[in-house]
Amino acid sequence: MPEFLAAILLLVLGGAAAVPLRARGRWGGLAGQAGAIAGSAVGLAGAIRVLAFGHTQSLSAGAFMPGGATHLQIDPLAAFFLLPVFGLSILTAIYGGSYLSGRNAGIESAATWLPLNLLTAGMAGVVAAHDGLLFLLAWEIMALSPFFLVIFEDRQAPVRHAAWTYLAATHLGTAFLLVLFVLLGARAGSSDFEAYTVVLKADPALGSVAFVLALIGFGAKAGIVPAHVWLPEAHPVAPSHASALMSGAMIKIGIYGLVRMLSLLGTPQPWWGWTLIAIGASSGVLGVLFALAQHDLKRLLAYHSVENIGIILLGIGLGVLGLATGMPALAVLGFAAGLLHIVNHSIFKGLLFLGAGAVQHGAHSLELEELGGLLRRMPWTGTAFLVGAAAIVGLPPLNGFISEFLLFYAGFVGVLQPAPVTALAGLAAIVIMGLISGLAAACFAKAFGIVFLGSPRSLAAAAAHEAERPMLAAMAVLAVLCVIIGLGAPLVISALADVVAVATGAAAGSIRAQLAPAIASLLITVVIFVVLILLAVVVWLLRARRLAGRRIGRGPVWGCGYLFPSPRMQYTASSFAQPLTTQFHLFVRNREAFSPPQGYFPRAASYASDSGDPWLRLLFAPTFRWFDRIVGQLNVIQHGHIHVYVLYVAATLVALLFWASL
Amino acid sequence: MQSLAAIVPPLFALVLAPLMPGLLNRTKAFVAGRRGPPLFQPYFDILKCLRRGAVYGDVTTWIFRFGPVVNLVALIAATLLVPFGGIRSPVSFSGDVVVLAGLLALGRFATVLAALDTGSSFEGMGASREMHFAALAEPAFLLAFVVLARVAGAFSLVPIFQAITPTVWLAALPTLTLVAMTLLILVLVENSRVPVDDPTTHLELTMIHEVMVLDHSGPDLAIIHYAAALKLWLLGSLLVGLLLPLHNRNPILDGAAMLLGIATLSLAIGMIESAMARYRLVQVPQFIVGAATLSAVGFILVLV
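Top to bottom, those sequences are chains A and R.
Just so it is clear: in the first sequence, position 594 is 594 by this note's numbering, and no numbers are missing.
If you count the second sequence from 1, you need to add 662 to reach this note's numbering.
Read the hints as simulated data drawn from the structure, not as lab findings.
Certain hints may be false.
Stated by the list, open to error - Some chain R residues near chain A, calculated using beta-carbon distances under 8 Å: (1) 721; (2) 735; (3) 742; (4) 755; (5) 756; (6) 761; (7) 767; (8) 778; (9) 789; (10) 794; (11) 877.
All of these numbers come straight from a predicted model, not from anything done at the bench.
Cβ atoms here follow ideal geometry from the backbone N, Cα and C, with glycine treated the same way.
Taking the hints into account, I'd like the entire structure generated from these sequences.
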């Protein structure tokens, strides 16, 4: 706990110092960066200590807030979520220093350290809070800080619009949480989580209400479909290291809230599990389908966050179903898969957003159709991005495969249960997960292939430069983590037992027993991975030996005999994804405007596609317009004359007095 | 004897795999009234390519060279997992079917990136189609094994294939027939055979797998040819293993039966290729989704 408090203090002090120092050359940026790195390092050490020894740390401070004592608690579940928060915060701070100095030198950029550090502190506060009031307070700090990051380049109208969308979405989510905590607080007579769990376990109906409120409120932050619409707006316009922190850590705090709430709720009902599986499946499939249609690299990555939240919820849904129907193996494996995927996603999505930032920094564009061939100009960024892409797709031997393996394993355990309903849940999880990983592979083949391979599609891409050393270092650490978790899978899963114990409410010993078969399977899998890597080295060397001394030619690629290909003739991101977006047009709703060349002497031809979000266009925009119109009707009672408003106040008071005296 | 027999599946796969395309091409030639290339022609082709130098496109990077290597080693690693009918594979554990799917996906991803590295429209086209069809084939593959897992009561390849005996076949005849049909379609899809892709076509615009490897030459091309044969062998032995449930625990008899089955499958694919034309590209997704639906129906039949 002392580490945690020191971490918060350092983060806030560093961020606060950056603002007055922002005009003094580099000092402002350095203060913010130093605060972020030092604070997060201290906090990370504390979280690792809790996980290593399994001791829950707790702190009750005096009643300086209404509603009783302030209660902070770091149990293994909280410490587990602190890992991506503080870990990513260190790396994004290292990266951010160089990124900001190259991008928007001077006053404005140094000031962004304050919201960035407050975001980290807010996330850590949410995770450590053990009472409703503190939780909501930290939640609002976490939810409001990104607004100032998203609106970083506020001179552009789309940026202001994105920030506005973010603000509206986060407040709608918070509204449900407010109702949830007020409801629980009123029933329990205290805002402490321990008091909540007592009333929740006594009243199953209240539990169901709380589950629905938590699902909507926390789901909006996590980005479940259809509450995902703010992600593809907000992530692309924020500075890339902020996007990495938001996508890698902040949306996971929504999942944290849900898991924490589930742990307070006691034994779940089967329909909660089914709901989570259904939402996970739809978010997963729709997220990756929307991603396929994008041609802005960061928008594409933002939609993949929706997809991965779906995968996480599929795992947790299986886990909840297992708890509800008394199948401990399914419960433990489902939760383990979901929780491991949380950490994995922070690692590779952080890496991919940092890589996208390096592309923007080096080639001055995120538009896929203007990039290409960057691997030769930016070899290190390209290689790191490739590792991240392979990991998010779930390819062996990287970390993404491990969590997806656990999810498949949980699914197969479900399939083998005698109850047909559970078998169907397992089948659904496996087939959906298979579809998601196949579509994700297509999407990242597109993203990596179009951006980094082939030849440059614009002059800026042809003149791209490699990112600075600190940026590369941050990406390298994340890429290495992808490999380490992949090859150290059995150890990582064993370490998860304490965390799963808090989430499921079972004893750590029985959880180890349930995880043992999966760990045994992963042990052999890791041996296969090592064989795979060694074989690759051997075949690569043999191939090089065969080629040594032979004639190696260079020439244009085969173009059916055409010898003067131009970069514009390459396959584009849109054409690569077109077969899939056409097949799934029902969901993607890509709008195209195509006027083909006509006649023997065609003059003009054009093709344009709009991959705007259909939920935003068809659901939220009309709803908000309608709401705006209804609320606009209230204008009739507004005149701008003070005396009329005084009359309103007086009339209201009289009405209230009358009502009170009844 | 049993443990020693475990080296048979990878050994057979690594040594005999190129015979499958040889036999297949021979069959097609026979049906067409030609003499056709010798049975061992795929071996000759691979050896010839290995002796050559190589030509690389101007824009290609290490990805282009590394892609075929990754594809090959992923498939070699997969030979450790796939049993040869009743003969167990060297490695078997719960969930190995997921690792197998992962290795196939890894090889495919590497091949596709190598194709995109050329920046050629033709190869981009092939890569796009490969990923499209694979995205649909992957759930179908997993679905087939979900059904087999439910029937066999295990989700590991060796126990699954050892549990499927003639008695089990009779008890779950409709389901297993449907799964076998799914697997047959997947063998055709994953190996780019007719009616999904035509390996002998001469128009780049209509190809899938062949167009992705247009620019590879020399040892790289040898690796690609060998890996393609290996993939056909591995997926083929899954199908034949399901269709030949006679395990008498004698590795020699079991092995001989399986070899005969693999040869028959090569003949059958040759006959399919001779009798059918390639589907139009827009029809292929329906074909693959149809394959998945067959297994889904099979699952419902064993559910209760």
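So, going through the hints one by one against the coordinates:
Hint status for residue 721 of chain R relative to chain A: holds, with the closest Cβ pair at about 5 Å, below 8 Å. A hinted interface residue such as residue 735 of chain R counts as satisfied when its beta carbon comes closer than 8 Å to some beta carbon of chain A; here the least separation is about 4 Å, so the hint holds. This hint holds: residue 742 of chain R has a C-beta 7 Å from the nearest C-beta of chain A, less than the 8 Å allowed. With 8 Å as the threshold, the beta carbon of residue 755 of chain R comes within range of chain A, its nearest partner Cβ sitting at about 4 Å, so the hint holds.
Taken as an interface hint, residue 756 of chain R checks out: its beta carbon lies about 5 Å from the nearest beta carbon of chain A, inside 8 Å. The beta carbon of residue 761 of chain R is positioned within 8 Å of a beta carbon in chain A (closest approach about 5 Å), and the interface hint is therefore held. Hint status for residue 767 of chain R relative to chain A: holds, with the closest Cβ pair at about 6 Å, below 8 Å. Against a cut-off of 8 Å between C-beta atoms, the interface hint on residue 778 of chain R holds, since the closest Cβ of chain A lies about 3 Å away.
A cut of 8 Å between beta carbons decides the hint on residue 789 of chain R: the least distance to chain A is about 7 Å, and the hint holds. Against a cut-off of 8 Å between C-beta atoms, the interface hint on residue 794 of chain R holds, since the closest Cβ of chain A lies about 5 Å away. Residue-level restraint check for residue 877 of chain R holds (minimum Cβ-Cβ distance to chain A is 5 Å; threshold 8 Å).
Taken one by one, the earlier hints all hold for this structure without exception.
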